[in-house]
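Following the hints, complete the assembly by docking chain B onto the known chain A.
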Amino acid sequence: MNEPAPNTDRFRTLVLVLTLINTIFAATLFGLQVDANIRANNANRDSQYYALLASNELVRLGQQSAYDLELFANTVKDTQQSLVMEFTALELEKNGNKDSAVRLRSQSEISKARSEKGVSLSLFYADPRYAPKEPDGMPDFQAYLADQGKSPNDLVAKQNAASDAYHKWNGKADAYVAILTLLAIAFFLLGLAQSSVRMRLVFAGSAVVIMTLAAVWTGYIMIA
Amino acid sequence: MTEKQRLDPARMDVMIAILIALVSLTTALAAWRTNVVGSRAADANRQGLIDALKKGAAQNEDWRKVYEEAGYASRFAIESAAADAMDVSKDETLKAAAKNLRQYLLPSMQLLSEPLGTQEKYLKSDGNFDIEKRFADLESEAPDLLAIDPQASFKLADQYSSEQRWLTVGTVLLAISLFWLGLAEIQSGRGRTGNLTLGIAVYLLGLLFFLIVEVVSIVGRGGVL
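Chains as they are written, first to last, in my numbering: chain A, 1 to 224; chain B, 1 to 225.
These aren't lab readings, by the way, just hints derived from the structure by calculation.
In this text, all values refer to a predicted model and were calculated from it rather than measured experimentally.
We treat Cβ as the ideally placed atom computed from N, Cα and C, and that holds for glycine.
One or more of the hints may lead you astray.
Unchecked claim - DSS-like, lysine-lysine: derived pairs with alpha carbons at most 25 Å apart:
1. B/121 with B/133
2. A/158 with B/55
3. B/155 with A/158
4. B/65 with A/150
5. B/124 with A/112
6. B/95 with A/77
7. A/98 with B/95
8. A/94 with B/124
As the list claims (entries may be wrong) - Partner residues are not named here, just some residues of chain B that face chain A (Cβ under 10 Å, in silico):
9. 24
10. 26
11. 34
12. 59
13. 126
14. 147
15. 172
The following block holds chain A by itself, in its conformation from the complex (with noise of 0.2 Å):
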């Protein structure tokens, strides 16, 4: 009795659309692995700019602000500087030291003017959102520092967002070359799966386990 041969063709159609599947498949990730390589590397990019930008801002308010406090610093001096004078000045007339009480006034008239000139040039008082709010307070420090940190924190807050944007993107390219790595598997047990015929269906099974744990892989990570 003649025994029938063999359908090596079986499922072999199978095999072939899997392979298909898996072919548009990895293209997909492909192109999707690119973008996320463009993304990481614009990110990257951005944030080594806000750095650069924040760093120069830095430079500029250090100059500023030793400008501002030197002019400050000076004119206080020469309002204190002044005001002794004119005490001692105020102590020698008491007690009869006239000439000497006219020298210092006139040396605490100088230190005045000095004051007053620096009062006028100065930021600290100049500027009515540092200026003191009664005539002999003290200028707002507060308000001073915190304008000078608003710009560099406000790039270095971008600059954050650029690296966190980074990380995420790089993170996702390097999750999927490792899913295309996968799919090169799912690649080699589908050829298996084509040239053997006793084994194609657990061959083409396990790169049909492989295929939808990198499809579940790969939807987590768009996702995340």
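Only chain B this time, still in chain A's reference frame:
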């Protein structure tokens, strides 16, 4: 040539093999071009960062110079006020000191504060110095540095990156067509013709897509490859 002759398996084998060679070559060229575009994007980004560094260094130097002038200008203004106070003093020694200050010290201080402390255009109505205006003038004194625009390089990089994305899609289409042609080569019968037709269609679609992306991108960049 009859239909039968055209579908002769041996002839088909050779024809598909030639097609596979052509598509492989096109795919390789497309992959090369996509990588070139990616490299151009990276170069433009790198240039933008270099420009940002150069511009930042120049600006830092300009700010340093402006505040240095401002320091000298304020000291000159304060010492001038002190000399004025000495002038109106009843003390003759102070008047004499004021005269000498004006003759020897103040001119030197004024020289150091130039031009912020000496030019009218830098004096605000409230008597303060226009530091921003002086900075803007210093910047305009170096037009080559003023012309540096990192954002222009970043914009160019974004254009290349966008092109790279779409070229990747085109390359993927070409690779898929290669897959179909491969199937056509190993198969026989009716499925073979179907796979061959699909392979050629995807190849032509990929090629057309690739060319359209290239033309649109090059025109968008003003003719720059």
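field: Structure versus earlier hints - violations, ascending order
entry: 8, 9, 10 and 14
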